[in-house]
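K.L.:
Heads up: the sequence lines are chains C and A, in that order. According to the numbering used here, the stretch in the first sequence is residues 135 to 305, in order. According to the numbering used here, the stretch in the second sequence is residues 135 to 305, in order.
Since the hints were made in silico from the structure, they are not lab data. Positions of the beta carbon are idealized from the N, C-alpha and C atoms, including for glycine. Misleading hints may appear alongside valid ones.
Said to hold, decoys possible - As a list, the in silico SDA-like pairs of lysine to any residue whose alpha-carbon atoms are at most 20 Å apart: (1) C:K303 to A:E290; (2) A:K303 to C:G293; (3) C:K284 to A:S297; (4) C:K303 to A:D296; (5) A:K303 to C:G295; (6) C:K284 to A:E281; (7) A:K284 to C:P289.
Claimed, not checked - According to the in silico footprint, chain A covers these stretches of chain C (three or more CB under 8 Å from chain A): (8) 220 to 233; (9) 285 to 299.
Number of protein chains: 2
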Amino acid sequence: MSFPPLQIVSGERHLTLRYDVIEADVTRVREIVESTGFFHPPEVDVAVELVEERLRRGDASGYFFAFVELEGMAIGYSCYGPIACTATSYDVYWIAVHRDEQKNGIGRWLMTLTEQLIRSREGRRIYVETSGRPDYLPTRSFYERCEYVKAAELPEFYGDGDSKVIYLKVL
Amino acid sequence: MSFPPLQIVSGERHLTLRYDVIEADVTRVREIVESTGFFHPPEVDVAVELVEERLRRGDASGYFFAFVELEGMAIGYSCYGPIACTATSYDVYWIAVHRDEQKNGIGRWLMTLTEQLIRSREGRRIYVETSGRPDYLPTRSFYERCEYVKAAELPEFYGDGDSKVIYLKVL
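Based on the provided sequences and hints, a complete structural model is requested.
P.N.:
Structural data, given as structure tokens:
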């Protein structure tokens, strides 16, 4: 499998990729997701649960991960997987970069990498879901910059005045 | 918790309800779902996996069940659960009645029961998803008779020419 060039992140920093999930990720994913300041505790718990489910069940969990590491420490990750009962549809469940490492293009790069990983698994449609709340505008803008298109919006899905927006990218 | 009257199913047949999940349901759910003739093998496998996940993890699985039994044999069931990170949204993942017992109103009754169970858990929005394919018209008509309203449709979601239709009922 080929990867995008590492030097997309500037400077002398040496970033590495990791696809297997280790016990330490339970703690580190929590730290990364919490650091973003975007997620409520129950949402953070869900992010961690996907790591635990992956550790428990391996590929059968349906959750696949890509970690970006800086000097052996994960600073961002994505979690994706095939959508059951679909031919070639995938979900990107999580993509997050630690707050200290944001604004360096790592998120964009991680998304491109994740799309390549999905494509290598014969995935052709990628769905991502997020909130329609005003404070999630940066998240929606991120997906739009990554060329995801709004496919549907479900009003009040998450709660009062809190819709779910479903984005789609056809590979 | 109060239930709809059992006599909604006519005749002298004595139907009972069961909410706990037992090992035998792994086999019986497969039989029920297969009998409908609606689902491909991978879909049947998913139905069975939810039973297994429930057996493994209990309430933590997020999957709750209601079985309708006739003389100790399950003839239909529903599987539902809260949608993670939402305030009051629920999914009805499966609702199926064995082919030999269809056309007796059991499906409608099971849906009403499931809605009551969801309401008793403070659920206020119920989502069900199905295919937009022509052969799924009976399924969509069923949801519409149960007063579910189409909230969104995602073209090609399941495969070529096979959209996902998302129905919603606000309780």
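K.L.:
For which of the previously enumerated hints does the structure constitute a violation, in increasing order of number?
P.N.:
6
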